[in-house]
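*Asks:* What follows is each chain in one-letter form.
Protein chains: 2
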Amino acid sequence: MKNIKLTITYDGSNYHGWQVQKDKKTIQGTIELQLKKITGEKIRLIGSGRTDAGVHALNQVANFKTDSDLIPLQIQKALNSLLPEDIYIKSAEYVPLEFHARYMAKSKTYEYRILNRQEPNIFQRKYHWHVIPKLDIERMRSALSLLKGTHDFSSFMSAGSSIKDPIRTIFKIELYKDNDLLKVIIEANGFLRYMVRNIIGTVVQVGYGKISLNEFKNIFAARDRRLAGKKAPAKGLFLVKVRY
Amino acid sequence: MKNIKLTITYDGSNYHGWQVQKDKKTIQGTIELQLKKITGEKIRLIGSGRTDAGVHALNQVANFKTDSDLIPLQIQKALNSLLPEDIYIKSAEYVPLEFHARYMAKSKTYEYRILNRQEPNIFQRKYHWHVIPKLDIERMRSALSLLKGTHDFSSFMSAGSSIKDPIRTIFKIELYKDNDLLKVIIEANGFLRYMVRNIIGTVVQVGYGKISLNEFKNIFAARDRRLAGKKAPAKGLFLVKVRY
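Taken in sequence, the protein lines are chains A and B.
Residue numbering for the first sequence follows the numbering used here, beginning at 142 and increasing consecutively.
Residue numbering for the second sequence follows the numbering used here, beginning at 142 and increasing consecutively.
To be clear, the hints were calculated from the coordinates, so they are not data collected in a lab.
Computed from a prediction, not measured in an experiment: that's the story for all the values here.
For glycine and all other residues, C-beta sits at the position ideal for the given N, C-alpha and C.
Accuracy of the hints is not assured; some may be wrong.
Claimed, not checked - If you anchor each label on the Cβ, the simulated ranges turn out as follows:
id, chain 1, residue 1, chain 2, residue 2, range
1, A, 154, B, 222, 20 to 26 Å
2, B, 287, A, 191, 50 to 56 Å
3, A, 160, B, 248, 49 to 55 Å
4, A, 330, B, 222, 42 to 48 Å
5, B, 320, A, 223, 24 to 30 Å
6, B, 303, A, 210, 44 to 50 Å
7, B, 273, A, 164, 33 to 39 Å
What the hints assert, rightly or not - No farther apart than 27 Å at their CA atoms in a straight line, the calculated lysine-lysine pairs in the BS3-like style are these:
id, chain 1, residue 1, chain 2, residue 2
8, A, 371, A, 289
9, B, 267, A, 318
10, A, 166, B, 267
Excised from the complex, chain A in its bound form:
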């Protein structure tokens, strides 16, 4: 028995997210199907976490156990020749049997991309959120910086979810601006469902002045999902790194 770790990039536009769902095309399901063909075994691929429908990944990490004699490079090449062009295996390597892509993740980093100008960029339309009103970058940075550290993120969790522990630690949260393209990078020890998209949706309202910085503070402190802004669209979100 061997344990193999994959690093995967995918364009989530045409998938119902990472996790296997009956009768729906998912990233996990698509890769598992090809792994079965390659190894002849029924493979269960363990991802570092789910990504939602339409969310992309630059470096998703997953592992699976197999008795196949194929070495990781052979598996990587076979997968890349069989997978559709919107999923690509960047690397495959042996890891100790106890490695578990989800339980052992120490942090994950997400990036959210916003195009802030009048004119759309039609070629990148599936990879950012197009926001037309002029955003105040410094005000957004002030709001984002409040989230750094260990907090109760109930205000930014998925509506209607009842999670036992809404405490997460954000290690890093930065907003970069490159001409009209804004990138928010968030590294945390874990994320509640829709947490990044709820944060971005609310911070963008801060950026165009619909919510003041003080109101943002109150929303965060209230630990009540109903106060925050509408969640940002999935297509701007990328899982960029998983740290072990």
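Here the structure of chain A is known, so what remains is to put chain B in place on it, guided by the hints.
*Replies:* Showing chain B alone in chain A's frame:
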């Protein structure tokens, strides 16, 4: 009667090219359909030239005549609200009645994008040609520079086409390299069908050493389409500018 000029950007991935074809989705047909709704007239849109299936445009130019009282900005806004997200009208303006987008074009500039590395960029997969063998940029530049000026381009025209005048003038032909991304920019007074893609397909073979520079010279001089390389895929090609 007014004459209105449109500057249009489109992602050609999901279209059978610019020109109207029966029962096929085309850029021209898609825009004409919306112009008819907006003006109530049957509009014939005159493009600067056709682009083939899968080819993109950053600034295609087209004009149409109308008796509508709508000003260009209203037409632009109405079109952008009705058109699908892979076509965008960048500007609309009145031009003299005698302006004709095809006959009056003095030059057109195309750009061809090549990703030259092992790993694909899945997010840009519809906007470049992914070439894995290492390309010799200087050798490619030498080949391209031979094409500058006024020549018979029969060697690079569409297979089987019988054009009366295969003479064209290339004003500018440059290869730019930005990390792994190569861009070939060609400005000419006109292009034969598939000319850019045939040039690129052949020059890429020069780049990885399948064709020597001397052989390239002979292919160009032979004025025989059968000698040149396979044409490069449509998806790497962009119409970037039309000059009047």
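*Asks:* Okay, which hints does this one fail, numbers in order?
*Replies:* 6
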